[in-house]
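Number of protein chains: 2
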Amino acid sequence: MIQPPPTPRALAFPFTLVRPELEKVEHAIMEQAKAFDPAVEGYVAYVCKSSGKRIRPALALLAGGATGGVTEEHRRLAVILEMVHIASLVHDDIMDGADIRRGLPTAAAKWGNSLSVLLGDSLFAYALELATEFDDTNVCRAIARASRDVCCGEIFQTQRRFDLNLSVADYQRMIEMKTAALFAAATELGAVLNRQNSGVVSALKSYGVKLGTAYQIYDDCLDLVGDEKQVGKTLGTDLAKGKLTLPMLYLLQSATDGQKTKLSRMLLKGEPMDTSILAGIADYVGSVERAVATAKQLLDDAGAELVCLAESPHVRALREITGYLHGLLEKCRAVA
Amino acid sequence: MIQPPPTPRALAFPFTLVRPELEKVEHAIMEQAKAFDPAVEGYVAYVCKSSGKRIRPALALLAGGATGGVTEEHRRLAVILEMVHIASLVHDDIMDGADIRRGLPTAAAKWGNSLSVLLGDSLFAYALELATEFDDTNVCRAIARASRDVCCGEIFQTQRRFDLNLSVADYQRMIEMKTAALFAAATELGAVLNRQNSGVVSALKSYGVKLGTAYQIYDDCLDLVGDEKQVGKTLGTDLAKGKLTLPMLYLLQSATDGQKTKLSRMLLKGEPMDTSILAGIADYVGSVERAVATAKQLLDDAGAELVCLAESPHVRALREITGYLHGLLEKCRAVA
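If you read the protein sequences in the order shown, they are chains A and C. For the first sequence, position 262 (counting from the first letter as 1) is numbered 242 according to our numbering, and the numbering increases by one without interruption. For the second sequence, position 322 (counting from the first letter as 1) is numbered 302 according to our numbering, and the numbering increases by one without interruption.
Quick caveat, the hints were computed from the structure, so don't treat them as lab data. Honestly, I wouldn't trust all of these hints.
Said to hold, decoys possible - In silico DSS-like links for lysine-lysine, alpha-carbon gap of 25 Å or less: (1) K223/C - K276/C; (2) K240/C - K249/A; (3) K223/A - K4/C; (4) K223/C - K240/C; (5) K90/C - K221/A; (6) K276/A - K33/A; (7) K14/A - K29/A; (8) K276/C - K90/A; (9) K4/C - K90/A; (10) K249/A - K276/A; (11) K90/A - K223/C; (12) K4/C - K29/C.
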């Protein structure tokens, strides 16, 4: 049964400072559909409307504001990165066999996998077409590179499903590609568009990598120990699909040989009951806590990257995002 | 059962003039795999090795040769267009549920749909990343645009499957996007890279559109009336998938109301026996012949576009390609 869309979580993120700019970006995203052939426009409009918290656009705008001001180019960057993200979600939903995203039927559920493969492709191609409009070709190149990282990170994850030998370093590399790459492109290019020096550019890139990584760890913890009603989406799907996330990797690290045998049996079976038992164990022995601590450390490190920027409302807003995620992580721990 | 790969049909195309250049391109395509994360490299190498007649690279090189000479930039263009094409084939094979392409298992058959969706995405993102290296951003933009056309053309086709009201004009628009867009990008950009005037650029683009359209009509006729053993791939798949191609549209056009009812019944059922009956009827009443004639006219028009170019071996080779396709179309007629 189709649920009405939940109140966008975006409202909870501390994006107030760039809210008017974000609304322009939102409008521009909706406008993009019109650039497509009439046969395709409706599909594009649907997926653009129904997905996302617009974190990447907000980061692009805030990084712009923090380095001299938000320009038309920052809004374009915001639109492009969100379209790449939407394209990746359309394809994710095919792979995950997901029927519902944010309370609405996914493209795959509505129109089938074939159309969704192509729809994601078209969105993606169009985003990169828009990216060629920047005067500085380095911007377009960085966007294409980040897009490739997203896909390669997903391949990496697909490939290592049910692989109990996945190391924490591998996991980190995977989520840096899969999630942090677009966060980092938003913050890095926000500074590049304002022609900042390499110190500032690299600090903002690093902020994006760390924030994105922490955000993915949070999402992974939530999938394990979150409350479905509060979160508003199906949880526990990672384990069922064999995706080994940080709390589970920490659990495997801390297990004795005998415990490892038990974990392997449960992880490789992946039945719903075992999933909640595994989550319970990970919580009980402190693996969730440890993953939360890792993410919180990353958030502190992300905040520290901002010291080289002159203090401003936008810099404070970037810092507040790390504070907001700290709060979300605390709740994961509280549930735990 | 897996068949050994057939002798590449590429050898039959009159590409002799650019054979040494094509070999360099082939080598460069293989080298691209190394730019990927080690986790992904093997997949990329596999699909790059196992697909294609390299028509688009050959066109890019010949267009370069016909407008001042083949440069390093033409070889890069050739590599990029072929990678976009390979990405689209990887996704096509998912949608068509194809197990074998050119005698080898498809990526979808070997590693599943999820990985293949991502693999196509990565190849595509990487191709556009390479495209940002051109000094002229118009080149990158045109490649992104052509890539989007390929996807939108496919969406269009997917959407209009089993739609007996598809017009010939719609079909033409569809194949112009799906197939001719990359042919046209190859020939147009081949001239753009040699800084040719807009007359030459537009003539070569038009040559590419017409050649690509004719090629697709040939492929569509072949699917209907070709000999599987000679062609070396499964035929009759278009009708089974509800793809209405030109011979079938001509058949519908020429049918009386009573005949239309019979055709609709067979087209919408799409069982193997009906497929060969439909092909037989289309052949018998001259619809295949008419499609062949349409394609042959397009080839003549493509050839005529070349008159504004100074005569040279490369221009002759471009003309020979139309002659070669004329010959292939004759065979379709001969079978018919």
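Results for each hint:
The hinted pair formed by K223/C and K276/C meets the criterion: a straight-line CA distance of about 22 Å does not exceed 25 Å. Pair hint K240/C plus K249/A does not hold up; C-alpha atoms about 54 Å apart against a cutoff of 25 Å. Proximity of K223/A to K4/C is assessed by CA-CA distance (about 41 Å); at most 25 Å being required, the pair is judged violated. Taking the CA atoms of K223/C and K240/C, the gap is near 17 Å; set against the 25 Å cutoff, the hint holds.
Restraint check: the Cα-Cα separation between K90/C and K221/A comes to about 19 Å, which is no more than 25 Å; the hinted pair holds. For the given pair, K276/A sits about 21 Å from K33/A by alpha-carbon distance, which is consistent with the 25 Å threshold. The straight-line distance between the Cα atoms of K14/A and K29/A is roughly 13 Å, inside the 25 Å bound, and the hint therefore holds. The suggested pairing of K276/C with K90/A is violated, with an alpha-carbon distance near 40 Å, which exceeds 25 Å.
Between K4/C and K90/A the CA atoms are separated by roughly 45 Å; this puts the pair beyond 25 Å, and the hint is violated. For the suggested pair K249/A and K276/A, the alpha carbons sit about 32 Å apart, so the restraint of at most 25 Å is broken. Between K90/A and K223/C the CA atoms are separated by roughly 21 Å; this keeps the pair inside 25 Å, and the hint holds. Proximity of K4/C to K29/C is assessed by CA-CA distance (about 14 Å); at most 25 Å being required, the pair is judged to hold.
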